[in-house]
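*Asks:* Chains A and B, in that order, are what the protein sequence lines are. Residues in the first sequence are numbered from 1 upward in steps of one, following my numbering. Residues in the second sequence are numbered from 1 upward in steps of one, following my numbering.
To be clear, the hints were calculated from the coordinates, so they are not data collected in a lab. Just to be clear, a hint being listed does not mean it is correct.
Derived DEER-like restraints, expressed as beta-carbon distance ranges [claimed, not checked]: (1) LEU269(A) x LEU425(B): 31 to 39 Å; (2) ALA45(A) x SER392(B): 54 to 62 Å; (3) PHE55(A) x ARG138(B): 36 to 44 Å; (4) LEU424(B) x LEU60(A): 34 to 42 Å; (5) ARG241(B) x MET1(A): 28 to 36 Å; (6) PHE44(A) x LEU425(B): 28 to 36 Å; (7) HIS92(A) x THR31(B): 38 to 46 Å; (8) ALA472(B) x ALA262(A): 30 to 38 Å; (9) LEU462(B) x HIS92(A): 53 to 61 Å.
Covered by chain A, per the in silico footprint, the following chain B stretches (three or more residues, Cβ under 8 Å) [stated by the list, open to error]: (10) 127-136; (11) 176-187.
As the structure is a computational prediction, the values presented were derived from the model and not from experiment. Where a beta carbon is used, it is the ideal one built from N, C-alpha and C, also for glycine.
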Amino acid sequence: MNVALFSAVSYIYLFSSLAYCGYFFFRVDEVGKAATGITAAGIFAHTAAYALRWFESYKLGMGHSPLSFFTLYETIIFACWSLTLMYLFLEHLFRTRALGIFVLPFISLAMLGASGSLGMSSRIEALPPVLKGNVLAYHVTTCMMSLTAFLIACIAAGLLLLATKAPGNMPAPAALSNRLPLPQVLDDICYKATAVGFILFSMAMATGAYRAKIIWGRYWSWDPVEAGSLIMWLLYALILHGRYQRWWGGTTGALLSIAAFAAAICSFLIAANRLMTSAHYPIQ
Amino acid sequence: MNRLLNRTLTHMASINFTIMLLVMFLLTILTDTMQDGIISFVRGVRLPGGNAVANWLNGYFSAEVHDSRWFKLLLVLFILNLLACMTKRMPGTLKMLAAPASEEACRMPAAPLFEDRFTVAALRADFEQRLYHLLAERLSRPAVYRTAGRSVFFSQRGKCFHGGFYLAHGGLLLVLAGGLFGQSALSGEMFLREGDADDKVFFNKNGIPCFGKLDYRIRLDRCVPVDPPAGDADSAWRTYRSTISMLREGTHDEKGTLEGYRTLAAHGIRVGQSRSPEKDGPQLTLSLRAGKAGGKHRTFSLRRHQCCSIPETGNVVRLKEVFVSDDYPGASRKKAGRAALAPCAATVEVYGDNRSLIHKSLVTTHPVSLEQPGQEAYEFRITGVEKNDPSSDCMRLLVCTEPGGSLIWIGAAIAIAGFSLIFLLSHRRIRVAIEKSGDGYFITVAGWTSRNPDGLKHYAGLIKELVRHCAAA
Numbered sequence: 001m002n003v004a005l006f007s008a009v010s011y012i013y014l015f016s017s018l019a020y021c022g023y024f025f026f027r028v029d030e031v032g033k034a035a036t037g038i039t040a041a042g043i044f045a046h047t048a049a050y051a052l053r054w055f056e057s058y059k060l061g062m063g064h065s066p067l068s069f070f071t072l073y074e075t076i077i078f079a080c081w082s083l084t085l086m087y088l089f090l091e092h093l094f095r096t097r098a099l100g101i102f103v104l105p106f107i108s109l110a111m112l113g114a115s116g117s118l119g120m121s122s123r124i125e126a127l128p129p130v131l132k133g134n135v136l137a138y139h140v141t142t143c144m145m146s147l148t149a150f151l152i153a154c155i156a157a158g159l160l161l162l163a164t165k166a167p168g169n170m171p172a173p174a175a176l177s178n179r180l181p182l183p184q185v186l187d188d189i190c191y192k193a194t195a196v197g198f199i200l201f202s203m204a205m206a207t208g209a210y211r212a213k214i215i216w217g218r219y220w221s222w223d224p225v226e227a228g229s230l231i232m233w234l235l236y237a238l239i240l241h242g243r244y245q246r247w248w249g250g251t252t253g254a255l256l257s258i259a260a261f262a263a264a265i266c267s268f269l270i271a272a273n274r275l276m277t278s279a280h281y282p283i284q
Numbered sequence: 001m002n003r004l005l006n007r008t009l010t011h012m013a014s015i016n017f018t019i020m021l022l023v024m025f026l027l028t029i030l031t032d033t034m035q036d037g038i039i040s041f042v043r044g045v046r047l048p049g050g051n052a053v054a055n056w057l058n059g060y061f062s063a064e065v066h067d068s069r070w071f072k073l074l075l076v077l078f079i080l081n082l083l084a085c086m087t088k089r090m091p092g093t094l095k096m097l098a099a100p101a102s103e104e105a106c107r108m109p110a111a112p113l114f115e116d117r118f119t120v121a122a123l124r125a126d127f128e129q130r131l132y133h134l135l136a137e138r139l140s141r142p143a144v145y146r147t148a149g150r151s152v153f154f155s156q157r158g159k160c161f162h163g164g165f166y167l168a169h170g171g172l173l174l175v176l177a178g179g180l181f182g183q184s185a186l187s188g189e190m191f192l193r194e195g196d197a198d199d200k201v202f203f204n205k206n207g208i209p210c211f212g213k214l215d216y217r218i219r220l221d222r223c224v225p226v227d228p229p230a231g232d233a234d235s236a237w238r239t240y241r242s243t244i245s246m247l248r249e250g251t252h253d254e255k256g257t258l259e260g261y262r263t264l265a266a267h268g269i270r271v272g273q274s275r276s277p278e279k280d281g282p283q284l285t286l287s288l289r290a291g292k293a294g295g296k297h298r299t300f301s302l303r304r305h306q307c308c309s310i311p312e313t314g315n316v317v318r319l320k321e322v323f324v325s326d327d328y329p330g331a332s333r334k335k336a337g338r339a340a341l342a343p344c345a346a347t348v349e350v351y352g353d354n355r356s357l358i359h360k361s362l363v364t365t366h367p368v369s370l371e372q373p374g375q376e377a378y379e380f381r382i383t384g385v386e387k388n389d390p391s392s393d394c395m396r397l398l399v400c401t402e403p404g405g406s407l408i409w410i411g412a413a414i415a416i417a418g419f420s421l422i423f424l425l426s427h428r429r430i431r432v433a434i435e436k437s438g439d440g441y442f443i444t445v446a447g448w449t450s451r452n453p454d455g456l457k458h459y460a461g462l463i464k465e466l467v468r469h470c471a472a473a
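Generate the whole structure from the sequences, applying the supplied hints.
*Replies:* In structure tokens form, the structure reads like this:
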């Protein structure tokens, strides 16, 4: 039942993506409001589907929160939920819908992919013993939310580069720069998303260290995932310190944000045992 | 002396130094993590001398980078940087160092978001008083610094931001201090069968086997398998539930349960268990002769991983591994080495007074003598083998102490609270500097904020106009 609801949510997001595209190109306020409304309905249905999946896992006798991310399906649907929530919050805060065309299609494609197109198993699986416990749920939840915040920072940074310079150092086409928010606004979105992501990621590292102490007996063992996370944390700390000192901001800050997000993706891939072997992977 | 201290403190607390340290940390950890990739890349490109470079890198990375002295030096510098930037913000320190100019500098970033200057020919007599009240009314009571020909009024709104700075940096210091205490942590293992109790934890210290003693004994009461979760028939997920008791002298025994990967923390130690019990070996009756000239002949009955102490010398003997000829036909024969000639063999370890290994040897049914200069001589011989109950299993318990654990958690919580205050709370600073020039006064208004730079520019412009109004004679 929950899978059907998640599939329905992906179509809701698809409609909201179309509405955001319409708003971006035709600048009709009613379309923009409709896009926000559809997205809000989507997040509401998404949350309900989450609650239903949780309830169904108890009915099956496995009783675990879908925030444990044992399967790729659960990881993707949570990432999409958190990205949508964060996007709506930023839209409300900055009173701009221009980012919707870049965020919502991404969310709807990921949801559609997870809901069947990519042949991913959406079955509720029993958790291996190593993945049981509330601390793990806090760890992975904060980790995924920080990644989505960093993704928004990266998107804002990319748009900032587009708004200020087109490829080949040419001025950005007026058709594009007129539709994007002001560079200062994009810079502020990038900074705020990075700051929120940094706080969440610090929480993820602290809960991860606590979890490592419980399972491995050590807070820190220089595992590739731990090293990758520390690199990421240091990179974002560097970006925030440099920005405070006004060494960078604008284009340089945007490039650094994109580089830091690339490091975040590498760290995530190591955690999923795709780039390097790590004891982090629960099946090891 | 004060000047030197002030300059050192300024350099150590500077954001340039922080950024340099962050970059060095980044590069070090990146290199350490990517070492295998770097070495194979160097070999793969087949440049002249590439192999020599790869071999050098291989040798260099054979020791862990994060255990190297220079990495520890980096950590010490990081701690000093955190301490310096916290100390530098404390007004008491600055007064002690008599450095008002540094105080101004540290209160406003090098490049403020707003800075504007105007000149007035003469100031009103009560200008400073009016400026003080203006800033107190608009932001907060200003701090005033006066040097020859220059006065600075500094006011800020959202002092939690400063609190956030202290909390974030102080929290990180606590985490590092906790990690430093954690260096002395004991992390080892003990092997127990149901009903066995022991207080000895075996571990390796710089590659040498050692054991440490806990203040109390741990007993394994029961170890039973737990069925895999419903809906999953895969027995790979099968876990074990062990009940243990902590036998403390003079108090009642404390019981606890370990299940799967879930550990138990009590009285400063954390106990975990291996994923599954190990099959028990046969029980050996070990005949031991201690001392050179016909020492006393003792007989011990030991199982694998069990220990006994020798009253005459105070040393501890541990039966590490057991090999019985029936058990190792074919491939295992090589592992047993010369023990294959005997019906059974065992590796025996002798631990000295300082609880570290002094003898280790393979013993058989023939007498084996262990001698080492300056150490007690021993002669071992296996005098009997008893078959155990085949269902008897031995559980490996992982025991570690947690010095500094609380510091790490408190520090992490404080640091996160600090980050939240820094990044999520609005903060504004305004600095008004009055300088006497040849024929008038320069008044500079500067402003900085953590959020909403456009709002600040508007606000600081308004303050500037009010200051101009106050100054007009």
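*Asks:* Check the structure against each numbered hint from earlier and tell me which ones fail, lowest number first.
*Replies:* Hints 3, 8, 9 and 10 not satisfied by this model.
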